[in-house]
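**Student:** Residues per chain, in single letters:
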Amino acid sequence: MGELSIAQQALGLRTEFPASQIQVSAQALAWTGILTPTHLSRDYTVTLTYRPGCWPTVLIVDPALRCDVDGGIPHLYRDGTICLYDTNQWNPTLLFVDTIIPWTSEWLHHYELWVATGTWYGDGDVPLDLAPIDTPEKPASPVDRRPSTQARRRPTSHGNRRDWTQ
Amino acid sequence: MLTNHANTLDELLQTGIQSLDITTDEHALAVSRYQGVARSLAEYWGESPQDGEVYPQGSMRLGTVTRNIHRNDEIDIDLVALRDMPKTATTQAGLKADTGTGLTHFVNSRPEGLPTLGEGKRCWTLDYSGFHLDVLPSLPDVDASSDTGIIITDTQVRNWKYSDPVGYANWFHTQMEKELDDIVLSKRMDIASVPRWAVKTTLQRAVQSLKRHRDIYFTGHLEDRPASVIITTLATHAYVGGGALYEVLTDISRKMPEYVQYDGGRAVVANPVQPQENFADRWLEYPERAEQFFQWIDAASTDFAALGSERGLDVVLSKMRGAFGERVSKAAAHQQGTSAFDARRTGALRMTRGTGALTTVGAGRNVRDHDFHLQHRQHG
Numbered sequence: 000m001g002e003l004s005i006a007q008q009a010l011g012l013r014t015e016f017p018a019s020q021i022q023v024s025a026q027a028l029a030w031t032g033i034l035t036p037t038h039l040s041r042d043y044t045v046t047l048t049y050r051p052g053c054w055p056t057v058l059i060v061d062p063a064l065r066c067d068v069d070g071g072i073p074h075l076y077r078d079g080t081i082c083l084y085d086t087n088q089w090n091p092t093l094l095f096v097d098t099i100i101p102w103t104s105e106w107l108h109h110y111e112l113w114v115a116t117g118t119w120y121g122d123g124d125v126p127l128d129l130a131p132i133d134t135p136e137k138p139a140s141p142v143d144r145r146p147s148t149q150a151r152r153r154p155t156s157h158g159n160r161r162d163w164t165q
Numbered sequence: 000m001l002t003n004h005a006n007t008l009d010e011l012l013q014t015g016i017q018s019l020d021i022t023t024d025e026h027a028l029a030v031s032r033y034q035g036v037a038r039s040l041a042e043y044w045g046e047s048p049q050d051g052e053v054y055p056q057g058s059m060r061l062g063t064v065t066r067n068i069h070r071n072d073e074i075d076i077d078l079v080a081l082r083d084m085p086k087t088a089t090t091q092a093g094l095k096a097d098t099g100t101g102l103t104h105f106v107n108s109r110p111e112g113l114p115t116l117g118e119g120k121r122c123w124t125l126d127y128s129g130f131h132l133d134v135l136p137s138l139p140d141v142d143a144s145s146d147t148g149i150i151i152t153d154t155q156v157r158n159w160k161y162s163d164p165v166g167y168a169n170w171f172h173t174q175m176e177k178e179l180d181d182i183v184l185s186k187r188m189d190i191a192s193v194p195r196w197a198v199k200t201t202l203q204r205a206v207q208s209l210k211r212h213r214d215i216y217f218t219g220h221l222e223d224r225p226a227s228v229i230i231t232t233l234a235t236h237a238y239v240g241g242g243a244l245y246e247v248l249t250d251i252s253r254k255m256p257e258y259v260q261y262d263g264g265r266a267v268v269a270n271p272v273q274p275q276e277n278f279a280d281r282w283l284e285y286p287e288r289a290e291q292f293f294q295w296i297d298a299a300s301t302d303f304a305a306l307g308s309e310r311g312l313d314v315v316l317s318k319m320r321g322a323f324g325e326r327v328s329k330a331a332a333h334q335q336g337t338s339a340f341d342a343r344r345t346g347a348l349r350m351t352r353g354t355g356a357l358t359t360v361g362a363g364r365n366v367r368d369h370d371f372h373l374q375h376r377q378h379g
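Residue numbers (numbering that gives the first Met the number 0), protein chains in the order written: chain P, 0 to 165; chain Z, 0 to 379.
The set of hints was computed from the structure by calculation and includes no laboratory data. Note that this is a predicted model, so its numbers are computed, not measured. Keep in mind that the hints are not guaranteed to be accurate.
Coverage of chain Z stretches by chain P, computed from C-beta distances (three or more under 8 Å per stretch; other residues unrestricted) [stated by the list, open to error]:
hint	stretch
1	313-319
2	352-362
Label-pair ranges, simulated between beta-carbon atoms [said to hold, decoys possible]:
hint	chain 1	residue 1	chain 2	residue 2	range
3	P	V60	Z	L221	47 to 55 Å
4	Z	I182	P	A63	42 to 50 Å
5	Z	V239	P	P131	34 to 42 Å
6	Z	G361	P	N87	23 to 31 Å
7	P	T44	Z	E246	29 to 37 Å
8	P	G123	Z	G241	33 to 41 Å
9	Z	A362	P	L10	16 to 24 Å
10	Z	E246	P	N87	42 to 50 Å
11	Z	A96	P	V68	55 to 63 Å
12	Z	L184	P	N87	45 to 53 Å
13	P	R50	Z	T218	51 to 59 Å
14	Z	K120	P	G123	45 to 53 Å
15	P	L127	Z	N107	38 to 46 Å
Quick reminder that beta carbons are idealized off the backbone N, C-alpha and C, glycines included.
Based on the provided sequences and hints, a complete structural model is requested.
**Tutor:** Now the structure itself:
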């Protein structure tokens, strides 16, 4: 199967998200949609930007993402776009609606769990540790969050517009 | 991971409250230990095992054991030590003291777990590492219409008190029998291999939730907290059957106050199978506790309703932590996160059209597996 065109990607996006907005030209696609990972989750406004020959990138526009006490968020590039895949996991023969978009919804799902617990479950291998946590004198505070040992923040060692063909 | 608001919230609550259960190993250990107590007391009383017995009452019998947040989430088990003798042959103080002597012999025999012995108002307590067995001395109530009625000791009361913990447990189980049968059927459980006590109904989970909320609410003044049997009785009266856990919790916590009865200005929560037993008898002696009960159940009702009022899993989990403690919210988050990861890895994850909601049970596009980070060196 050959590379998908911008028009083919746009059609996939319109089919799955008829209420979303898409701007296309011969050289670029910009999609803005709302994703709600679970029915208890918030509605997130998300943009996907793509130019053929470059990696697609995703930005969470609204609501603003919350950092941990060190100012970090897991799986987020310095430019604010989110890290969704390894280099061999996306290529232009794959539809965004089968990859980037659901991966974004997943990212948001795990993000909300990370805000609550400090743990990024999306990388797997998280043992359940229920050793006595609560202390009798002070019931757990709702704002008490421990820093993550699982989450990895990925500073860019490469530009997010690196040509994927190289 | 399910597809609608009510189900996701229910899933979080079920998983979270489940973390308060006694484990299978702990259950076996508890049984082994109280059977050891039973053998020792029977020997001490010079009776055959049929003439005196030790059996569980309270939460272990009801299936509502809830780890004790004020004791490092340890397990409390309530036992009845039934001495088969007429009440004319002893006094309350005499029975209690004699049971204490018997238990001292038990402790001195250095049984498994090496417990120590402490004394409470009504009970003796055997303290093990991670476990506490409360032993309530009692005699058969030969005048009761029920053949499981007992009379029990209380250092603060002149007359013997009436009780019927076995009858009470039977009443409780009857209220949830239909749902229990449905669960066993729907999950195709082999009831010979799955112990009945391990199957939890919504009513049992609701009682556990209420007890946990109570324990946190009364931190610092535990002596004022309403007895578990009061909570269990009122919750059972308020339960109409059916509904998911969130719906049941909000509904019964709102209605429970209506089931407190009044008799000449005295609050009454009668034992449904032994009307002479008023579970709220301590409120006569401590009238402020009645008001504290009503304040607490109102706060619980508000907190439960709030669980479903806002969006954001982090917000919901934070409210669960406030209501039930970090153990519960952590267990719930862990189940959500790991099941989502597993679903992706096994190809079971789908994305719903229009919202991007992730599901494993509804229709949607299959989600390809991926990692959230770079593992390979960037080319070029």
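**Student:** Taking the beta carbons of Z:I182 and P:A63, is their distance inside 42 to 50 Å?
**Tutor:** holds (43 Å)
**Student:** Does 55 to 63 Å hold as the CB distance between Z:A96 and P:V68, or does it fail?
**Tutor:** Hint holds: Cβ distance 57 Å, inside 55 to 63 Å.
**Student:** State, for the Cβ atoms of P:L127 and Z:N107, whether the hinted interval 38 to 46 Å holds or is violated.
**Tutor:** Since the Cβ atoms of P:L127 and Z:N107 sit about 39 Å apart, the hinted range of 38 to 46 Å holds.
**Student:** Okay, the stretch 352-362 of chain Z and chain P, do three or more residues pass the C-beta test at under 8 Å?
**Tutor:** holds (count 6)
**Student:** Can you let me know if the beta-carbon spacing of P:V60 and Z:L221 is within 47 to 55 Å?
**Tutor:** holds (48 Å)
**Student:** Quick check: do three or more residues in the stretch 313-319 of chain Z have a beta carbon closer than 8 Å to a beta carbon of chain P?
**Tutor:** holds (count 5)
**Student:** Does the hinted range 45 to 53 Å hold for Z:L184 and P:N87 at CB?
**Tutor:** holds (47 Å)
**Student:** Quick check: does the Cβ-Cβ distance between Z:G361 and P:N87 fall within 23 to 31 Å?
**Tutor:** Hint holds: Cβ distance 30 Å, inside 23 to 31 Å.
**Student:** That 16 to 24 Å hint for Z:A362 and P:L10 (C-beta), does it hold up?
**Tutor:** For Z:A362 and P:L10 the Cβ distance comes to about 20 Å; the hint holds.
**Student:** Go ahead and decide if the range 29 to 37 Å is satisfied by the Cβ distance of P:T44 to Z:E246.
**Tutor:** holds (31 Å)
**Student:** May I ask you to test the hint 42 to 50 Å on the CB atoms belonging to Z:E246 and P:N87?
**Tutor:** holds (46 Å)
**Student:** Just to be sure I understand the hint, the distance between the Cβ atoms of P:G123 and Z:G241 should be within 33 to 41 Å; is that true here?
**Tutor:** holds (37 Å)
Every hint from the earlier list agrees with this structure, and none is contradicted.
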